[in-house]
Amino acid sequence: MNNNIVGGKNQKVVPEAKKGLNQFKYEVANEIGVNAPESGYWGNMTSKECGSVGGYMVKKMVEAYERNLAGK
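This note's numbering puts the first residue of the sequence shown at 1, with every later residue one more than the last.
A couple of the hints might just be wrong.
[What the hints assert, rightly or not] Distance condition first, Cα-Cα at most 30 Å in a straight line; then the derived BS3-like pairs of lysine-lysine:
hint: 1; residue 1: 25; residue 2: 59
hint: 2; residue 1: 59; residue 2: 18
hint: 3; residue 1: 48; residue 2: 25
hint: 4; residue 1: 59; residue 2: 48
hint: 5; residue 1: 19; residue 2: 48
hint: 6; residue 1: 59; residue 2: 19
hint: 7; residue 1: 25; residue 2: 12
hint: 8; residue 1: 18; residue 2: 60
hint: 9; residue 1: 48; residue 2: 12
hint: 10; residue 1: 59; residue 2: 12
hint: 11; residue 1: 60; residue 2: 19
hint: 12; residue 1: 18; residue 2: 48
hint: 13; residue 1: 60; residue 2: 25
hint: 14; residue 1: 60; residue 2: 48
hint: 15; residue 1: 12; residue 2: 60
[Stated by the list, open to error] Pair by pair, the computed Cβ-Cβ distance ranges are:
hint: 16; residue 1: 20; residue 2: 44; range: 19 to 27 Å
hint: 17; residue 1: 71; residue 2: 40; range: 31 to 39 Å
hint: 18; residue 1: 68; residue 2: 44; range: 33 to 41 Å
hint: 19; residue 1: 66; residue 2: 44; range: 28 to 36 Å
These are computed hints drawn from the structure, not numbers from a lab. Glycine residues also receive a C-beta, built at the ideal position from the N, C-alpha and C atoms.
Using the sequences plus the hints, can you model the full thing?
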């Protein structure tokens with residue numbers, strides 16, 4: 001396995017963004033009706049729930065990037 005890949009092993013490409021990404025994760029979970037764990041430990045959540053949150057996060061980030069590219 002190549003450990004030189006940027007962002008590999010769930011490491012943040014921009015470590016300073018960790019707090020903001022975590023907050024975004026909880027906002028998205030709330031938006032889509034997933035009961036996010038208050039403890040911060042997501043290991044007891046189902047794969048479907050976590051996948052829904054992650055997938056929607058990516059969708060929203062892509063939309064924001066596309067708006068930025070379009071100059072809006």
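Do the hints match the structure? See the list:
1. Note on residue 25 and residue 59: the hinted pairing holds, with a Cα-Cα distance of about 12 Å set against a maximum of 30 Å.
2. Straight-line distance between C-alpha atoms of residue 59 and residue 18 comes to about 18 Å, which keeps the hinted pair within the 30 Å bound.
3. Distance hint between residue 48 and residue 25 is fulfilled; the C-alpha atoms sit about 15 Å from each other, no more than 30 Å.
4. The straight-line distance between the Cα atoms of residue 59 and residue 48 is roughly 16 Å, inside the 30 Å bound, and the hint therefore holds.
5. At most 30 Å may separate the alpha-carbon atoms for a hinted pair to count; residue 19 and residue 48 meet this at roughly 24 Å.
6. Only pairs whose Cα atoms come within 30 Å are accepted, and residue 59 paired with residue 19 is accepted, the gap being roughly 19 Å.
7. For the suggested pair residue 25 and residue 12, the alpha carbons sit about 14 Å apart, so the restraint of at most 30 Å is met.
8. Simply put, residue 18 and residue 60 have alpha-carbon atoms about 17 Å apart, close enough for the 30 Å limit, and the pair holds.
9. Taken as a hint, the residue 48 and residue 12 pair is honoured in the structure, with Cα atoms around 23 Å apart against an allowance of 30 Å.
10. Distance restraint check for residue 59 and residue 12: the Cα-Cα separation of roughly 18 Å lies within the 30 Å cut-off, and the hinted pair is therefore satisfied.
11. With a C-alpha separation of about 17 Å, the suggested pairing of residue 60 with residue 19 holds against the 30 Å cut-off.
12. For the hint linking residue 18 to residue 48, the alpha-carbon distance of about 23 Å falls within 30 Å, and the restraint holds.
13. Note on residue 60 and residue 25: the hinted pairing holds, with a Cα-Cα distance of about 11 Å set against a maximum of 30 Å.
14. Straight-line distance between C-alpha atoms of residue 60 and residue 48 comes to about 18 Å, which keeps the hinted pair within the 30 Å bound.
15. Restraint check for residue 12 and residue 60: satisfied, since their Cα atoms lie roughly 18 Å apart, inside the 30 Å limit.
16. Taking the beta carbon of each, residue 20 and residue 44 are about 24 Å apart, inside 19 to 27 Å as hinted.
17. Roughly 37 Å separates the CB atoms of residue 71 and residue 40, a value that falls within the hinted 31 to 39 Å.
18. The hint said 33 to 41 Å for the Cβ distance between residue 68 and residue 44, and at roughly 36 Å that hint holds.
19. Residue 66 and residue 44 have their C-beta atoms about 34 Å apart, which keeps the hinted 28 to 36 Å range intact.
Checked against the numbered hints listed earlier, the structure breaks none of them; every hint is satisfied.
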